[in-house]
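J.: Chains as they are written, first to last, in the working numbering: chain E, 1 to 429; chain R, 1001 to 1204; chain D, 2001 to 2771.
The set of hints was computed from the structure by calculation and includes no laboratory data. A portion of the hints provided could be inaccurate.
Simulated coverage check for chain R against chain E, where a stretch passes if three residues somewhere in it have a Cβ under 8 Å from a Cβ of chain E [what the hints assert, rightly or not]: (1) 1025 to 1038; (2) 1087 to 1100; (3) 1106 to 1113.
With beta-carbon atoms standing in for the labels, derived distance ranges [stated by the list, open to error]: (4) E/P63 to D/K2085: 54 to 62 Å; (5) D/G2124 to R/S1143: 47 to 55 Å; (6) R/G1113 to D/I2722: 52 to 60 Å; (7) R/K1170 to E/Q324: 47 to 55 Å; (8) E/Q324 to R/N1149: 40 to 48 Å; (9) E/F62 to D/F2135: 51 to 59 Å; (10) E/N250 to R/N1149: 19 to 27 Å; (11) R/S1182 to D/K2396: 38 to 46 Å; (12) D/K2085 to E/A308: 52 to 60 Å.
Yeah, the Cβ is synthetic: ideal placement off N, Cα and C, and Gly gets one too.
Here are the chains, one letter per residue:
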Amino acid sequence: MKETILLTKHMRENPEDSHLIESYEKSNGYTTAKKTLLGSSPEKVLEEIKASNIRGRGGAGFPTGVKWGFLAENEERYLVINADESEPGTFKDRILLERDPHQLIEGIIITCFAANIKNAFIYIRGEYAKPARRVQSAVEQAYQNGYLGKNIFGSEMDLDLVVHLGAGAYICGEETALLNSLEGRRGEPRLKPPYFPAVKGLYMKPTLVNNVETISSVPWIIENTGEEYNKLGVEGSTGTRIFSLSGHVNVPGNYEIEMGSTFGDFVETLGGGIRNNKKVKAYIPGGASAPWFRGDQLNIKMTIDDVANNNSMLGSGAVVMMDQDTNLVNAAKSIVSFFAHESCGQCTPCREGTTWLEMILDRVASGRGRTSDLELLLDICDNISPGLSWPPKMTTICPLGPSAVSPITSLMKDFREEVESMIPTKVLL
Amino acid sequence: MSWDDKLIKQAKKIVKLYPQKRSALGPLLHLAQSKDGYISDDSVSVISELVGITEVQVKSVSTFYSMYKQEPTGKYLLSVCKSISCEINNSNSIIDVVKDFTGLSNNETDEEGLFTFEAVECIGACGGAPAIQVNYETVEGLSTENTLNLCEWLKNETPDLVVADELQNKFGGTKSFDWAISDNSGTTGSVPGFQTLNTTKDKK
Amino acid sequence: MSDNVKINVNGLQIESEPNKLLIEACEDSGIHIPRFCWHKRLDPVGMCRMCLVEVETPRGKMLVPSCTTEVSDEMVVDTESEIVKKAQEGVLEFLLINHPLDCPICDKAGECPLQDQTMAYGPGESRFVEEKRHFEKPIPISEIILLDRERCILCARCTRFSDEISGDPLIEFIQRGNKTEVNTFPNEPFKSYFSGNTVQICPVGALTSTSYRFKARPWDLKSTRSTCNGCSMGCSIELNSSQNKMLRILGVDNEHTNQGWLCDRGRYNFEYLNSDQRIKAPLKKTEGDREETTLQDVYSDLSKIIEDRSNKITFLLGSNLTNEEFTSFNEFSNKLGNNDNSIYLNEDILFKGFFDENIENAKIEDLNKSDAIIIWAEDLKETLPVLYLRVRQAVKNGVKLVVFGHTNSTLADISDVYFGGETVSNDFEIVKDISKLKEIKEHIKDKNVTAILGKASPNQSDQSLEKLFSYLKDNSNLKLLNAFNGGNSFGAFQTLGSVKGNREFSSEISKETTDLLFVVGADPVGKSIFSSNIKNIIDEIPTVVALDLFIHETSELADYIVPTSSTLGEKEGTFTNIEFRTSRIDKLIPSPGQALSDWEFISGLSNFCKFEGMSESLTDLNNKSFDSFALDTKPTFDNLDKPRNLDGIINTSVPNINTTDESIEFSDSFYVGKKLYGDKVTERHSKSISLLGSSQFIEGSESTFEKYKLNSGKCILVQENIEITVSYKINPSLPDGLIFFPKNRRNMNKLDFSKNIQILPSHSMEVLNVN
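Throw the hints in and build the complete structure from the sequences for me.
T.: Listed below in structure tokens is the structure:
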């Protein structure tokens, strides 16, 4: 299999200065936005996005055209770019922000034109200092060259874009928590209903929250038509997507591919296979929230629907390979510990449950587990995500709780002996 | 108010960027962090007035996020990633090296005020695992040996400006992706180097 | 109602108003869904997850939080399925893993929702073998409240109450996830006037009151419902006592008045009832000293004076008496042939008000139903605190708020229009033409308006308010609340033949007019702006009888002091509030020593004087108080005890207030008002709150104090041979030149505001912490 280069085209062709406006303009940058603002209409843009069938690249995979269609009418509307990439294993937005910020800005301009939005924000996680600097410089350059501000390209459209730094909270990647954070509050998710961002978002006004990669795809779609985008990939997972590959592979990195190949093919061909010729014990198909696949399930296709049908999620597109020598209990503990630290604390099952799971796994991993811990782990998980079903039901406000359940159900379903082997059965007198 | 006029002026400029004052709370807390190395009670009072909420409301937000430190930090904040990709790629050894060298446990600062060590969650450098951040400047693909070199270099050279590209070239290994051209900008404290906060400078 | 929604809960058909929360709809139909974070009077947040129920959806059954789900027609709900039960068990197990085993030493035990719901819905055992979360416990977060963070289940009721209802968010969640705790900012205690409400609504023993800590178990308590008489809101309260000592006061949810909330003074100012400083026996003044005597002796002496009198017998009554007691004095005064001119109410601010058959008297709940609320009165937060909460609630629901300065600046940030110094002068006159004020016109023209009107300061002229009133009357559908805030002053208005105040008393009464003066439950010498005049009057009147609980600056001047019962739990009667709603006052504890009700004293005295035709019993007085009202709405004891009348009965009437309309002149730009906490004798003897009203200060804008060259935090007030050192507080909302004096703080009674007061810088560098 090969990569299909769309989003990463400009940066590959201009490694010296892809992040600078002169370079972007030389590659015909901002011409799509200009054509759109001066010659197209919001309805036409929405049609193209719908025709592309592009699904959100943040993790939820919601059809972008449908999302834009939900935005309620109002004088005051907002676009917020979710650049709070914090899902362990994921670093695809980072390359887009660091190496091609202008592509994102052009996407923002077109999106705001389509949705009649005058104020946009890019919420970048605080730890992404270098990407944030690159984006801020790009925004300043865009203002200088008249691509942001008043009467862009001489059209009627005004747009103000503010780069806002987060401060270290994974939960702010959840769209309503992000809006709360942007409002200067604790990053606590809101209840949906009634606080659907499309209706009651930032400052309780209709708001579009979209991922960096999604909006970065907009210029290509508008330039080349949604129909062309739709031809790439497979039905239900159209276009191209950047997958972040990490773990025990020879060549970790970001790879832009059309969806449809198998994970095995992807890892062998583009990732260079597993280091030291080891076998895959387990792998995570879509970021730390996703249930694991076994080493013998490498023939699952990398599409949103195929992965979902196998009871996991393609999520943020982060593939983490774990080889045959990996201590999976430690791996599970690492992931559960992540969610326990990042829990916002609002609702009881997640706040208390994730930390309890972490404590038990810690005991088990350090040889102080009890046989009753096995069922206990699963029962606690059941109280966070009833039925341990997929897609998960939740007793919590947001999916962070059920995310913590994923590694444990994976562990217990497919690797139970490994866990059991860590529990002492002899009592030393 | 111990924020000088210049800082207040910058703070007010930031407040103006947003449709509602309270949104400036996040950046103002970063500003406070850049001033003192942590969020002092005094900063909380100043910010509460600028933004129009009570002090405990400011504190409620500042303690929610891990990047706003409640205790003074050292000149170099060493954040070692311990999330899944780094964990299965030996981040524990990197953590041990840093702990040994600095003599610090998690979230501790040394007496000289040089280093603060923290084991953090995913910093988005998974392709270059294991990875570290020094004042939020990322260094990817570390070996235990290079980690030690990095720590020693920081201790001996005590650079005022920490630049990701410089550190990567000196001590880094596999990167998550091709960084392409280096740039020269970095940060001056335990706060992200970002133009709006005036915390970034170019290295000469 | 035809608009009702039909839902199916556990197989039962239930009807509900549309848009009601599922948890509330079920509750109203007798189906209890367990919960911690949901409270009827707070916005729902769905945080505790205890109220999860299963609802049928096109995609199958879904678990939803019933406190954030609105009912919809044909909804099918299961609150008892296996999945729901497991979820409930799960949530309780999660809450209990870090909850300390404090029940044996926790105040809440016995009335604890966590205990009750664990018994009813929880797992039988704990499976948690790890270390529980630990915090230093408990920590004081204010003078009256202690916080135990280990017990806290993070339901956010306290933080939401402070943010949404009382508007002083001084406690908040700190940290994140499992480390989250509720706390205050260092050195910034939870100094809200409404902090006690958080103790009442906390579902565990995390928040406790210093006054009740370790005092009793709920099953030891005797309770009765009564009415608070701290101000004219008449909040519904529940009194709790044990072993004949008053131990606690709780708020009762009365939809029409306080909706369950109380101000902290109403909640905590009761410890004085148990004070050993209370007068236990009648006292008689003899040659510079006082000795105990008997009631018979007092009656005997007084009856002689009454018989031999050549001038009038005058009564100065405090506003804390019951309606029946006012009636008793009215009767007695009429019997003495005083006609209408000898009963005075201990109120500095008393004027004709706006009572008339043509003026519609508002109900408190009208605040929520209006288009706009107009306020010009004393500081509501200090004088009618729960009314302040209701105004805030109305604004939250979209009602527009117009406020005239300068006393209600605490409402400025939620008001749509605030008229400050450019419109209102320092002596509270509107300096512009009201009809030309555009900002107010758009909110009131032909709209439903509820106005809260009263003098903002004693020196505001009647005419000043009348101008505003006429404008409102002519341009809107006006309903009005007269903001007289003294205790049962509306009860006095309804039952006394004619009412006058301290001002009239200090100008009309002297030894030439009065032989015998009764001062009943009043301390004008201690707390009135006419203090020095009144003191001189009291000194010169031949015989003065004080009926009171304690010896204070007024009662100590009396020739006879008779101990009386407190209206707070020591007597029965009725109370009428600001909307003319009459409700029950009930007795729970005995009075100390020989203390008796004021009406009992008058009854005894009348008997001794052999007066005939006087009311013989409390029921007589109760009937007599409400003679003029229609039978089925008469607030008789019987009628008030009926279940549908427990929240009180409204009977509007037009009082006969006989005050002068001449303005009081202050010598300078001063204004005078009450702070919620003062230096009253009852407050001094209520240990938990006694320090809260102790600071002495004045308030003004920064430039006002600069003109006086003040810079050390303190200043000296000088008037003739009086020197008082106080702090000065910067209040940026006050216009230049205007200075506020809190009249119910120590030593303020020494000042005569009609005369010149010098404000001199103090050279002390000490700065007081000012409340």
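J.: Apply the coverage criterion to the stretch 1106 to 1113 of chain R and chain E: a residue qualifies when its Cβ sits closer than 8 Å to a Cβ of the chain, and three qualifying residues are needed.
T.: violated (count 0)
J.: Given the hint of 52 to 60 Å, check if R/G1113 and D/I2722 actually sit that far apart at their C-beta atoms.
T.: holds (56 Å)
J.: Has the hinted range 38 to 46 Å been met by the Cβ atoms of R/S1182 and D/K2396?
T.: 55 Å Cβ-Cβ, so the 38 to 46 Å window is violated.
J.: For the range 51 to 59 Å, tell me whether the beta carbons of E/F62 and D/F2135 fit it or not.
T.: violated (41 Å)
J.: Return holds or violated for the Cβ distance of D/K2085 and E/A308 against the range 52 to 60 Å.
T.: violated (30 Å)
J.: Mind checking the hinted window 19 to 27 Å against the Cβ distance between E/N250 and R/N1149?
T.: Holds, since E/N250 and R/N1149 (Cβ atoms, about 25 Å apart) stay within the stated range.
J.: So the hint says 40 to 48 Å: do the beta-carbon atoms of E/Q324 and R/N1149 match that?
T.: violated (32 Å)
J.: Do three or more residues of the stretch 1087 to 1100 of chain R come closer than 8 Å to chain E, measuring C-beta to C-beta?
T.: It holds, with 3 qualifying residues against the three required.
J.: For the stretch 1025 to 1038 of chain R, do at least 3 residues have a Cβ located nearer than 8 Å to some Cβ of chain E?
T.: With 5 residues closer than 8 Å to chain E, the stretch 1025 to 1038 of chain R meets the three-residue bar; holds.
J.: Go ahead and decide if the range 54 to 62 Å is satisfied by the Cβ distance of E/P63 to D/K2085.
T.: Given about 37 Å between the Cβ atoms, the range is violated.
J.: Range hint 47 to 55 Å: satisfied by the CB atoms of D/G2124 and R/S1143?
T.: holds (54 Å)
J.: Holds or violated: 47 to 55 Å for the Cβ distance of R/K1170 and E/Q324?
T.: violated (35 Å)
Of the hints listed earlier, those the structure fails to meet are numbers 3, 4, 7, 8, 9, 11, 12, in rising order.
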